[in-house]
Amino acid sequence: PSVSPSLDGKKVIHSPLNDFFPSVSPSLDGKKVIHSPLNGKLVPLIEVGDEVFSSGVLGDGIAIEPYDGVVYAPADCKVTTFFPTGHAIGLTTSEGVELLIHIGVDTVQLNGKYFKPLVKQGESLLEGQPMLQFDSRKIEQAGYDMTTSVIITNTPDWKRVDSTKARETTVGDALLVLV
96 PSVSPSLDGK KVIHSPLNDF FPSVSPSLDG KKVIHSPLNG KLVPLIEVGD EVFSSGVLGD
156 GIAIEPYDGV VYAPADCKVT TFFPTGHAIG LTTSEGVELL IHIGVDTVQL NGKYFKPLVK
216 QGESLLEGQP MLQFDSRKIE QAGYDMTTSV IITNTPDWKR VDSTKARETT VGDALLVLV
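Note that our numbering has the sequence shown beginning at 96, numbered continuously upward.
Hint data in this document are derived by calculation from the structure and do not stem from the laboratory. If a hint is listed, it holds; no wrong ones were tucked in.
DSS-like mimics (lysine-lysine), calculated; alpha carbons at most 25 Å apart, straight line:
| id | residue 1 | residue 2 |
| --- | --- | --- |
| 1 | K127 | K260 |
| 2 | K173 | K127 |
| 3 | K173 | K215 |
| 4 | K136 | K233 |
| 5 | K233 | K215 |
| 6 | K211 | K173 |
| 7 | K233 | K208 |
| 8 | K173 | K126 |
| 9 | K208 | K136 |
| 10 | K254 | K126 |
| 11 | K211 | K136 |
| 12 | K173 | K254 |
| 13 | K254 | K127 |
| 14 | K260 | K136 |
| 15 | K211 | K233 |
| 16 | K126 | K260 |
FRET-style restraints, in silico, Cβ to Cβ:
| id | residue 1 | residue 2 | range |
| --- | --- | --- | --- |
| 17 | S189 | R255 | 16 to 26 Å |
| 18 | T176 | Q204 | 16 to 26 Å |
| 19 | G125 | K208 | 35 to 45 Å |
| 20 | D163 | G207 | 14 to 24 Å |
| 21 | K254 | N206 | 33 to 43 Å |
| 22 | R255 | N206 | 30 to 40 Å |
| 23 | K233 | P179 | 17 to 27 Å |
| 24 | R262 | N206 | 31 to 41 Å |
| 25 | V274 | K233 | 31 to 41 Å |
| 26 | R232 | G191 | 30 to 40 Å |
| 27 | T180 | G144 | 10 to 20 Å |
Each residue gets a CB set at the ideal place from its N, CA and C atoms; glycine is no exception.
All chains, full assembly: derive it from the sequences and hints.
Encoded structure:
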């Protein structure tokens, strides 16, 4: 397992890949791994309350009902898009995986309220680096669903995208494996 710093200075320990994907060898045999950017309960993408995500039109992925309000870099990556409202981040990993992390459903309507970006568009990040803080309690009190979608936007570039079978995730856990 590897260790990364978290926003509050505590260490985040990354879970061994084989705990979540028993068929994947430790060498990964050329597979790409996306780690969890949040702590929370995992939800199949098809169950997200926004058809843009649940239909898979933007790509394959998984959703997380967050337990707290910090989003971390899921791999070494570059911030390719950071929406001015702070509710969504587009990333490209050093291995060519393009992904979108969209915090909540329809949260664009908040116009940035309750979101605090910690990085800028164009910035290069290390896995585990905090990217965004948000106040999930206030967002939920405003009537929004906090289910956060993690989408591989260049899904057609891969043979398949496998999701963890776990029910919960911790920052750094293996979340998606691209073959």
